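S.K.: Take the sequences, apply the hints, and build the full model.
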Amino acid sequence: MPRILLVAILVVMAVLAWWEMPQQWALDFLDATLGQAFSAFAIAKGLNATISVLQSSTIDLQVFQVSPGEALDPANDMIERFSWVMFAATGSLALQKLLLGISGSLIIKAFASGACLLAALGLLTGSRQSIAHSRQRWWQVAILRVALWGIALRFAVLSVALASGAAGQAFLDDSRDTQMAQLSVTQQQLAEVADKQVGGAHEERSWWQQFKGSMEGWVGGPITSVTQGFDAMTDKVIDLTMLFITQTVLFPLGFLWVVLRLLRGLARLK
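So for the sequence shown, the working numbering puts the first residue at 1408; every next one is plus one.
Calculated directly from the structure, the hints in this document are not laboratory data. From a predicted model like this one, the values you see are computed outputs, not experimental measurements. Check the hints yourself; a few may be wrong.
Label-pair restraints from in silico Cβ distances [what the hints assert, rightly or not]:
1) ARG1668 with ARG1488: 17 to 23 angstroms
2) ARG1410 with MET1649: 44 to 50 angstroms
3) ARG1671 with GLU1487: 40 to 46 angstroms
4) GLU1599 with MET1428: 43 to 49 angstroms
The beta-carbon is built from N, C-alpha and C at its ideal position, and this holds for glycine as well.
M.R.: See the structure below:
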């Protein structure tokens, strides 16, 4: 690679280190995804609490007790694990936001910009020999490596956040919003069932009337329809789990690998 092109790249990086617009774009992406993750976590905890209420409810019939909520055990376990995933996703996004703030600090920007300009100046004043084989100009190699470290500190997290946010908007957002809306409806339905079946007190009736009315309410009422719809809810939870794992883990790691490969390639330019 011509030395003048490498110098131009270093100068451009030194200027871009102070450009605030990409930093704001990345923060907007992270804030939007973090808000979605918090919403999904709230839905999951609401589902978990509602199902737990239904599980713990019993029908007191003087002779024996019935616990129809036991059928909800698999759903409750699944929702609880989903809430763990959402908590981990919010943690990942919060960490990315913290690292983005550090990479955009005055110290990092000044370090990256100064190192790039110093490396460019060293290349311009150096001999025409290849830097990698010049024993007399070993300090140029050292300064160039410092500049690459500065570029990595300033732009690695920023590039990953921008790329992950853009990819999420292009491929994941529509599906995620749809799944969350449907899961929220299911959560509201379960909450209504819990309020209706568990919240109300029994009227003064004979034990047989209590048994008949209660079993009709549980077996023929909303619980049955909600239980039958758990397969669909399972699909939504699994889809949301994979979407958030992709958005908050796979995308950042994948794009970080690409950025590091590009920096390694830049370090090998001669």
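S.K.: Given the range 40 to 46 angstroms, decide if the beta-carbon distance of ARG1671 to GLU1487 lies inside it.
M.R.: 42 angstroms, holds
S.K.: Could you check the hint for me, namely that ARG1668 and ARG1488 are 17 to 23 angstroms apart, CB to CB?
M.R.: Violated, since ARG1668 and ARG1488 (Cβ atoms, about 34 angstroms apart) do not stay within the stated range.
S.K.: A range of 44 to 50 angstroms was offered for this pair. Does it hold for the Cβ distance of ARG1410 and MET1649?
M.R.: About 47 angstroms separates the Cβ atoms of ARG1410 and MET1649, which means 44 to 50 angstroms holds.
S.K.: When you take the CB atoms of GLU1599 and MET1428, is the distance between them in 43 to 49 angstroms?
M.R.: 46 angstroms, holds
In this structure, the one hint that does not hold is number 1.
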